[in-house]
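Asks: Take a look at the letters that make up each chain.
2 protein chains.
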Amino acid sequence: MNKTICEQLRLYLVTDRDLSLGRPLQEIVTEAVAGGATMVQLREKEASTADFVALARQLKAALAPLGVPLVINDRIDVALAADADGVHIGQSDMPYEDARRLLGPDKIIGLSVESLADIEAANLLDVDYIGISPVYGTPTKTDTKEPFGLEGLRRAVEMSTHPTVAIGGMNAQTVADVVATGCNGVAVVSAICSAPSPREAARELLEIINNNL
Amino acid sequence: MNKTICEQLRLYLVTDRDLSLGRPLQEIVTEAVAGGATMVQLREKEASTADFVALARQLKAALAPLGVPLVINDRIDVALAADADGVHIGQSDMPYEDARRLLGPDKIIGLSVESLADIEAANLLDVDYIGISPVYGTPTKTDTKEPFGLEGLRRAVEMSTHPTVAIGGMNAQTVADVVATGCNGVAVVSAICSAPSPREAARELLEIINNNL
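Keeping their order, the protein sequence lines are chains P and L.
Following the working numbering, the numbering of the first sequence begins with 425 at its first residue and continues without gaps.
Following the working numbering, the numbering of the second sequence begins with 425 at its first residue and continues without gaps.
You may find that some hints are simply not true.
No copy labels: a pair is met if it fits in one copy or bridges any two.
30 Å max Cα-Cα, derived DSS-like pairs, lysine-lysine [said to hold, decoys possible]: (1) K484 / K427; (2) K531 / K427; (3) K569 / K531; (4) K531 / K484; (5) K469 / K531; (6) K469 / K484.
Read the hints as simulated data drawn from the structure, not as lab findings.
With these hints in hand, go ahead and build the complete structure from the sequences.
Replies: Printed below as a string of structure tokens:
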């Protein structure tokens with residue numbers, strides 16, 4: 425039995441090569457999933473398309489047997505070439521309607537929302553989930569709007585008709601409060617990518633999440 | 425009657441926002457085509473996907489009625505979203521087989537080749553044309569291999585089983601010699617994008633090309 429999208433969102437790893445302390449992304453991802461990460465977003469801002477596709481294929485081959493979905497940040501072409509499970513798009517990426525048309529009805533499409541207005545707009549779309557971003561200020565994203573904060577996140581989750589994952593400043597200290605707002609999961613970057621043991625970090629995060637859902 | 429790909433390659437404009445002296449790309453492209461440019465490649469390395477798609481759509485709408493094909497540099501997703509006429513891919517972009525599978529049999533796929541070995545490899549693929557790059561050293565591309573030079577270009581053209589367009593250092597002073605090597609056309613960046621009058625520059629280049637084919 426496949427997990428529902430809500431279950432898949434529970435502990436959602438977003439990769440960041442620059443925050444991985446020089447370790448290969450494949451290692452970070454494999455370890456994170458061994459520790460319990462439920463979904464992986466491959467995010468590459470600098471890679472060539474050839475390298476991006478090759479990496480996506482490697483991760484897809486590693487994750488598919490484990491039933492862990494792989495989504496690609498922004499690049500519909502890379503997702504199509506690697507037959508990834510879907511994409512995650514931001515407000516300045518491919519418009520949702522185009523992404524859906526190119527990917528077909530069965531692929532996962534997640535959309536970042538950075539304001540309550542974005543959520544109202546997303547409610548009109550057939551996206552599979554929204555990423556509410558950022559909850560807290562975070563050093564890994566400098567181009568986002570005002571943080572939602574816990575109260576803002578609670579309102580955002582209530583307002584959304586789609587499953588929700590919270591992102592931005594998620595770590596072992598913050599996830600309990602975040603999950604208590606009612607979101608379906610948390611998306612982490614440095615809390616796993618920069619951890620001494622990504623596997624142990626994922627295990628610890630998932631335990632806190634499961635205890636506070 | 426549609427032009428053949430060989431005719432479409434004759435004066436091939438590659439856009440470069442940074443070299444357009446602050447003028448909108450739409451203006452550069454419209455003027456260049458009014459002057460005789462036969463094909464346009466939209467190249468955007470920094471734009472968001474949303475902006476890239478929007479610009480591609482605008483150019484497609486402007487060029488389609490004129491019968492001038494629009495190809496997109498690297499980004500298959502943008503080409504698909506905007507229903508461009510094809511893509512131009514480099515050696516580190518999407519592998520050809522993936523690009524063809526995603527675009528279907530009818531779209532134009534051009535491939536940059538930077539060595540004779542690349543040309544031998546390209547001869548085994550069903551690409552629509554190759555871009556031989558660079559012919560001369562050029563300030564607009566810093567990541568390419570040793571220039572072909574005129575003699576190297578002549579050998580490259582002879583070796584290729586595909587239509588050829590020469591790129592790298594093309595301007596009113598160089599195109600006569602370049603076209604005399606037997607290539608089907610020349611691709612220019614700054615010679616049109618940075619010209620005081622892109623229309624006049626295109627007109628002058630096309631006249632030299634036509635006189636030396």
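Asks: None of the hints should be skipped; say for each whether it holds.
Replies: Results of checking the hints against the structure:
no. : hint        : in the structure
1   : K484 / K427 : within (17 Å within a copy, 42 Å between copies)
2   : K531 / K427 : within (15 Å within a copy, 38 Å between copies)
3   : K569 / K531 : within (28 Å within a copy, 39 Å between copies)
4   : K531 / K484 : both (14 Å within a copy, 28 Å between copies)
5   : K469 / K531 : both (22 Å within a copy, 27 Å between copies)
6   : K469 / K484 : both (19 Å within a copy, 26 Å between copies)
The structure shown violates none of the earlier numbered hints.
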